[in-house]
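Since each chain comes alone in its own frame, lean on the hints to assemble the complex.
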Amino acid sequence: MSKPEINKCLYPIFLSCIILGLFIFSFLSTAFSNQEGVTKQYKKAVQKMDRAGQVNAETQVPKNIVRVLDEDQGGHFFTEARKSEIKRFRCSSCHNDKMVSIQGAADLSHADIKVVHGGKEKPLSCNTCHSTEDRDFLTTGKDTRIDPDHVYQMCGQCHFRQKKDWIGGAHGKRIIFWSGERVVMNCTSCHNPHSPRFAERWPKTYSVPLK
Amino acid sequence: MDSKKKNTISRRAFLTGAVSAAVTGGALVTTGCKGKNLLESSEAFALEFQEYFKKHYRLMNEMEREKTVSRLERLSKQKQGITVDIDTTGPLENVLYGYAFNVTRCEGYMECVAACVRENNLDRRSNMQYIRIFEMEHGQMSPDQGDGKYFHMVPREGHFYMGVQCFHCDNPPCVKACPTKATWREPDGIVVVDYDWCIGCRYCMAACPYYGRRFNWNQPEIPKEEITKKQHYLGNRKRVRGMMEKCTFCIQRSRKGKLTACVEACPTGARVFGNLLDPDSEIRFVLENKKVYRLKEDLGTDPKFWYFID
Chain U
1 MSKPEINKCL YPIFLSCIIL GLFIFSFLST AFSNQEGVTK QYKKAVQKMD RAGQVNAETQ
61 VPKNIVRVLD EDQGGHFFTE ARKSEIKRFR CSSCHNDKMV SIQGAADLSH ADIKVVHGGK
121 EKPLSCNTCH STEDRDFLTT GKDTRIDPDH VYQMCGQCHF RQKKDWIGGA HGKRIIFWSG
181 ERVVMNCTSC HNPHSPRFAE RWPKTYSVPL K
Chain C
1 MDSKKKNTIS RRAFLTGAVS AAVTGGALVT TGCKGKNLLE SSEAFALEFQ EYFKKHYRLM
61 NEMEREKTVS RLERLSKQKQ GITVDIDTTG PLENVLYGYA FNVTRCEGYM ECVAACVREN
121 NLDRRSNMQY IRIFEMEHGQ MSPDQGDGKY FHMVPREGHF YMGVQCFHCD NPPCVKACPT
181 KATWREPDGI VVVDYDWCIG CRYCMAACPY YGRRFNWNQP EIPKEEITKK QHYLGNRKRV
241 RGMMEKCTFC IQRSRKGKLT ACVEACPTGA RVFGNLLDPD SEIRFVLENK KVYRLKEDLG
301 TDPKFWYFID
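Quick mapping for you: the protein sequence lines, in order, are chains U and C.
If you count the first sequence from 1, position 153 lands on 153 in this note's numbering, and the numbers rise without skipping.
If you count the second sequence from 1, position 163 lands on 163 in this note's numbering, and the numbers rise without skipping.
Isolated chain C, as found in the complex (with noise of 0.2 Å):
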């Protein structure tokens, strides 16, 4: 708790001191100062004053990427006190990812919620979820009439469940709507966000139609045991107050070949993730022999996640 205050504090008044902190902070490096926790603050503060005045992660080389991400692991180190692991990895070639629910096989347990909550260190304190299941009455077919927020005893006579989070929409409204160009379409279809670039204005919040992203209202808290270490820049690194963020398909495990968070905990098998370009996979076997649909389809959003039953 204590650590967390001053790691905010010294970031907000980070931008007011720059200067002459980085002067001091240098000063200090290059004297030698005794003081083991002096000299790793100072340390952290010419770090992060670097951070500040990088680019944009699109228009970053390799070498540049590089660097950012060791900066940020040994803030993290220094900081926090946790070795992370923090990736970089493209995109995959001839891979484009996309998702399909059982709407008749879910359950409602929410394994998948708490799953996610854990894989991308969302903050604990606001109970902050990508994921949202709504329990549903037979007939009803939007989540916006469905129960976003039951918690009794599951499944429930009557009733059916229906998993919402962001649709990697391949004509993302998000998108289009940011000022800053802070998100954008990966070209393996995933709908990204630079934490660092991103102003916090919540335009792309109000252009979404499906609840997709989630606004940071205060500094995340996570145990910090329960800090998942894996980490991806474009995914579950760490993340301040006051900025978008969203699913990512998890793209730290996706693009390692491996299944999503909320895929691999779902105790049902409700959910599908695969490679859209590949014959043979899973999601095409759904897309090809199930009745699929998508929400709001008219919207020409074009979402990657369909809705199917059995």
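Chain U on its own, in the form it takes in the complex (with noise of 0.2 Å):
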């Protein structure tokens, strides 16, 4: 008959054995995964840095480029000149006061360019993005001189969200650093501006199955 009473004096004590046992374990728990998780440690790191402050001997900033005019999250950067890139630059050098009197002179000297951008039925026209009074500058309309080094500005009238992400840096890519001067490619670099798409081709390599 004092079996019981025995065990009904211990209950008090089991229960807070149990308490204090779930106690101790929560806590080691806690302590020993101390992994508060990439996704906080990142949120919590919201000091500016010094982006120059970061590059070390090795890092420079590549040539032929140019400053954006936008600015990005952290301030400025730069992108790709393509001045130098255009095989047919300057324009001028043909396009200037004197007539051309030759019959499909613009088919002799431009064969090569088929506009396959803006709709298959209605493709944009050549003088929507190069300036009719200048053709050394691209336009994007009314009056306006763009030079062609800041192609951007010029696609990005239309293509503002890709724009947007350019600066950002969710669209195009940034070149030979992460660190230091932002440098990234050109809208051009990477688009044909007549024919944007990026074309069917074979890949560089394969895979063999995983062993």
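Think of the hints as simulated: they come from the structure by calculation, not from any bench.
All C-beta atoms in this analysis are idealised placements derived from N, C-alpha and C, irrespective of residue type, glycine included.
It is possible that some hints are incorrect.
[Said to hold, decoys possible] Output of the computed footprint for chain U on chain C, the stretches with three or more beta carbons under 8 Å from beta carbons of chain U:
#1 99-108
#2 113-124
#3 143-157
#4 249-259
#5 273-281
#6 286-298
Right, here's the structure in full:
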């Protein structure tokens, strides 16, 4: 008859033991999994960084770049210059005040250019992008002149979402360095403006099944 | 070919005749043997002998690291005739690497895979690759369902592409699985392997839910002229048969401020790499402005590799 009495006496002790045990367990498990997760980690990092300060001896800003007229989240950044890449530049060597009197001259000099851009039936016309006053420049219409190095401004008037992503870093790509001054590829470093779609081609290599 | 074979044989024979050979080797050096080749191989032997007894990379001090690096450089010079530059640059302060992959942008050209193979001196014989690109049908979510060995014109209508490599989990299951502590997470978030401490048990490979790790079934073979000479101890230096390796976010490049080889080679800009702790970085822009997701997030591995769509 005395047995159950003892049990009753021990009841609160058992209970407190269990509670204490749970306490210790939860304490230990939080102590050992000091996992706060990367998401929390990066969200805590709000302090602005000195980009130039991250650069070490091997990071040099590439040549032939121009400072972008817009700013990204960190301030100024750069993009690849284009004029030196355009074969027929300067356009004004032909496109000047002199009249061209040869029949089909445009075909002769620009036959390679087929505009596959902006709808099958009605592709964009040359003069939507190229300034008629000065062929060395691009345009967004109404007397605007855009230097081909800043072609992103011209594309961006129609493709503003892509331009916004390009400025932020989700479209297009940065070159050479993740640190230091930010230099990104220009729109026309990747897209042919006359036929901006990426071409279908063979992959560079292939994979064998995983062992 | 021939010299490679000799290399492996001498490495294997090394243990069995270690002591006697070391003695002869030492004797040859001290007596100033006339044969230049013999002298060189005996020096190589002594170097390998010392290499065999070195410490775990993490336990080495600066001087010990310098010593092993110079031994390895010397060995490469002697055995393969290649001058490599192995560095041990530590993690940069206030840097945590992160990676994002744009699945709508990737066209499946596999330029990244080829660049990775070149940069990281991967075995050409078994066609080892750290990166795998899966061709997926619209609606599929996991690379398990995709085709990882396509070879046809890309991009294919109605398909998208998804690259998989080591995700450098912040809570890496592979590290926990390793019985010799040969793999660990560096302070900048890169999960690395000490090749000389790995015993090739492949527990980590089994523990990784992402196809992230690779095992060397044979001595890696790389055409001499294609070897990347800028190397890192924890990165693309010479590896041997029977151990694990994997993507290191091109540690030899990233710690010098450079983009990884795959990011640099990508012609579409589908790959974004940068510092998660820099609020102005591109990777942060992606994480904060795009719909991002990670693979098998419920496993709690906390990968630093996000996929996004735009």
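How the hints compare with the structure:
no.: 1; hint: 99-108; verdict: holds (count 4)
no.: 2; hint: 113-124; verdict: holds (count 3)
no.: 3; hint: 143-157; verdict: holds (count 8)
no.: 4; hint: 249-259; verdict: holds (count 5)
no.: 5; hint: 273-281; verdict: holds (count 9)
no.: 6; hint: 286-298; verdict: holds (count 4)
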